[in-house]
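Whole structure, please, built from the sequences with the hints as guidance.
If you count by my numbering, then the sequence shown holds residues 1 to 392, one letter each, in order.
Derived from the structure by calculation, the hints contain no laboratory data.
Note that the structure is predicted; figures quoted are calculated from it, not measured.
Mixed in with the good hints there might be a few duds.
Said to hold, decoys possible - Below, computed lysine-lysine pairings styled on DSSO-like, alpha-carbon distance capped at 27 Å:
{"id": "1", "residue 1": "K64", "residue 2": "K7"}
{"id": "2", "residue 1": "K309", "residue 2": "K259"}
{"id": "3", "residue 1": "K181", "residue 2": "K39"}
{"id": "4", "residue 1": "K224", "residue 2": "K64"}
{"id": "5", "residue 1": "K224", "residue 2": "K115"}
{"id": "6", "residue 1": "K39", "residue 2": "K64"}
{"id": "7", "residue 1": "K224", "residue 2": "K39"}
{"id": "8", "residue 1": "K115", "residue 2": "K64"}
{"id": "9", "residue 1": "K224", "residue 2": "K181"}
{"id": "10", "residue 1": "K7", "residue 2": "K115"}
What the hints assert, rightly or not - Derived CB-CB ranges, DEER-like:
{"id": "11", "residue 1": "R163", "residue 2": "R252", "range": "49 to 55 Å"}
{"id": "12", "residue 1": "A295", "residue 2": "E75", "range": "55 to 61 Å"}
{"id": "13", "residue 1": "Y306", "residue 2": "I388", "range": "47 to 53 Å"}
{"id": "14", "residue 1": "P262", "residue 2": "G142", "range": "44 to 50 Å"}
{"id": "15", "residue 1": "A346", "residue 2": "H187", "range": "35 to 41 Å"}
Just so it is clear, CB atoms sit at the ideal spot from N, CA and C, and this is done for glycine as well.
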Amino acid sequence: MCEHMIKFRGCHGVVTVELAFDLSEALESWSHIRREMLKSVPDAFSRDEWAYLIAFLDPANLGKPFRESFGSHDETADCPNVIAAPLGPIGLWLPNNVSLLGPLMLILLSLTGSKLRMKAGSRSLDLAGEFLAFARSHSPRGALRDYLGACVTHEVFEHEDPRTAEMARQSRVRIVFGSDKAAEAIHSLPHPIDSVAVTFRDRRSEAWIEPERCNESVLRDLIKVFAIYGQAGCTSPSRVILLGADPSTAVRIRDQIVKLWPSVIRRRPAMNIVSDNVCAWQLARTTGWNSVLVAENQAVVSLGGYDLKTFPSLMEMRMIPSSRTEARARLPENIQTIGHALSNSADPAWMHLFSGSNITRFVPLNTMHHFETVWDGQDFWAQLFRVIRVQA
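Below, the structure written as structure tokens:
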């Protein structure tokens with residue numbers, strides 16, 4: 001039952017959004033939780049992950065989905081041209097490799113007020129469940145606390161579990177993060193005839209950096225962006241492209257990254273990661289990569305060319321000197337994000353270069369992981385609403 005109406009004015013005219021709760025009260029409740037988050041970091045989260053969630057919960061950021069989908073808030077507006085209401089129950093299948101997506105999606109989807117059932121990755125750290133427990137225990141009395149307690153379900157099970165079919169059957173919106181095979185299997189299950197399917201499949205990203213921009217600040221950003229997920233994250237740079245770098249410059253940049261790494265990433269990796277890094281370094285060198293181990297075997301930084309063989313390795317940063325033209329021609333089919341550190345990223349030549357490509361995000365290097373309601377080229381948050389066109 002939609003009891004609250006909020007008016008916006010945007011490109012579609014006046015939009016009235018119907019919600020089952022007071023949005024301003026919900027935003028204040030998230031702000032309260034945010035203040036509680038400043039007091040301590042739960043063991044399941046790294047300090048960087050917790051800090052990112054705190055920044056994400058900034059009230060101005062939480063208002064963005066409404067502004068970007070419907071326009072600016074305007075309660076003085078006249079009769080609506082469009083009425084938007086939440087579609088209904090949402091089924092969310094989270095990935096195994098990027099655990100922070102769970103808390104981020106929980107926050108965004110809570111703003112619709114729709115019933116939410118989350119299936120966490122069965123082979124990853126379950127940050128969705130950890131954050132939900134924290135939010136439930138620290139939210140003040142009110143609509144958000146009631147919503148988190150009664151309308152959000154969190155479970156961990158394999159895709160083959162019968163609960164997957166149950167989720168699909170009950171969801172008006174199915175949001176799937178994962179491989180093409182997993183997404184196709186879920187969307188092929190029986191589901192409501194008027195339901196919406198939102199799919200985020202396997203993607204790769206790259207960092208494009210010009211040598212003249214490789215100062216210490218940029219290289220520190222690169223290390224931070226890579227280290228949080230390594231090769232596992234869709235927004236992590238699977239390759240670092242050094243645009244126009246000659247061989248000696250590329251080696252100098254590689255060596256500077258190796259030197260800086262321990263001062264940027266201070267946590268010691270688990271023993272299995274250390275062993276994996278030593279193995280990755282040995283394999284990379286046998287196939288022609290100019291690879292160096294970071295101190296205490298924290299990571300591997302490899303320098304080479306596009307055609308050199310690679311092996312699965314979580315913490316191997318692969319760097320490739322390249323021209324603009326070759327970098328464009330060598331983009332992977334499933335490219336998502338280009339994180340850039342360029343002398344003039346506003347140059348129209350970049351837009352021309354990317355024309356016809358599959359790139360969905362061209363963003364500053366240090367924002368590669370910043371999650372938004374427009375993702376992989378689709379405004380997924382707007383799809384959570386049923387829209388009625390109104391004409392007098």
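List, from low to high, the hint numbers that the structure doesn't satisfy. Violated hints (numbers, rising): 3, 5 and 9; every other hint is consistent with the structure.
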